[in-house]
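Dock chain B against the given chain A, drawing on the hints supplied.
Protein chains in written order, with the numbering used here: chain A, 1 to 117; chain B, 118 to 234.
Please note that the accuracy of each hint is not assured.
Once the Cα atoms are required to be at most 25 Å apart in a straight line, the calculated SDA-like pairs of lysine to any residue come out as [to be verified]:
no., chain 1, residue 1, chain 2, residue 2
1, A, 109, B, 203
2, B, 179, A, 104
3, A, 112, B, 126
4, A, 112, B, 224
5, B, 161, A, 5
6, B, 161, A, 8
7, B, 179, B, 136
8, A, 49, B, 222
9, A, 112, A, 29
10, A, 109, B, 135
11, A, 22, B, 155
12, A, 49, B, 153
Since the hints were derived computationally from the structure, they do not count as laboratory data. Every value quoted in this text rests on a predicted model; they were computed, and no experiment measured them.
Chain residues, written in single-letter form:
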Amino acid sequence: AQSVAQPEDQVNVAEGNPLTVKCTYSVSGNPYLFWYVQYPNRGLQFLLKYITGDNLVKGSYGFEAEFNKSQTSFHLKKPSALVSDSALYFCAVRPAYSGAGSYQLTFGKGTKLSVIP
Amino acid sequence: EAGVAQSPRYKIIEKRQSVAFWCNPISGHATLYWYQQILGQGPKLLIQFQNNGVVDDSQLPKDRFSAERLKGVDSTLKIQPAKLEDSAVYLCASSLVWGGGVQETQYFGPGTRLLVL
Chain A
1 AQSVAQPEDQ VNVAEGNPLT VKCTYSVSGN PYLFWYVQYP NRGLQFLLKY ITGDNLVKGS
61 YGFEAEFNKS QTSFHLKKPS ALVSDSALYF CAVRPAYSGA GSYQLTFGKG TKLSVIP
Chain B
118 EAGVAQSPRY KIIEKRQSVA FWCNPISGHA TLYWYQQILG QGPKLLIQFQ NNGVVDDSQL
178 PKDRFSAERL KGVDSTLKIQ PAKLEDSAVY LCASSLVWGG GVQETQYFGP GTRLLVL
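Bound-form chain A, shown alone (with noise of 0.2 Å):
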């Protein structure tokens, strides 16, 4: 079965500074994976994802994530954080192909990531 793991439930960081949000990931063959944003009393929002290719991502509002396969990693970055990024951010995670199987999309538990001013 596959899982996502996010370590860490809060993350702070200071405005400017960079922040960084952890996942790692369990999966049968090759990954696809996500990482979504929710702000409170909003559903999620899609920030970025990994298919195939380079293993940098790029995504909305500045994010980042590499995808690390030998680390099962996707961590979430962003150079310099702003108040606005705090939120909830879930990674997600499914396998890109499961034979007669499901391609559902499993989330991890969710960082709250603070930025303080």
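Below, chain B alone, put in the same frame as chain A:
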């Protein structure tokens, strides 16, 4: 482009009552998903439709939950009878296609927050 619409936004019911949620996906999106997000956890897939057919309902508690997408567009999710542990946010998402490729990004609605007393 209009996003995924959901109603109601909030619902409070007593245990053993029934409740229904409605979702209208992004126009042209063939695939529709219902997720359950319990406080402090990531979304969990309940059911996935491709047009009006069910692709995956392996995690749907079928003794009390039901869902339909009769005309391949909007969908309803019903709980009957509700239990205390059903208190959660119910998210609807849609994607252009299913099974892989760059078009399969899921876009989420704002969710329905259910409280069962």
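Violated constraints from the hint list, given by number and in increasing order: 9 and 10
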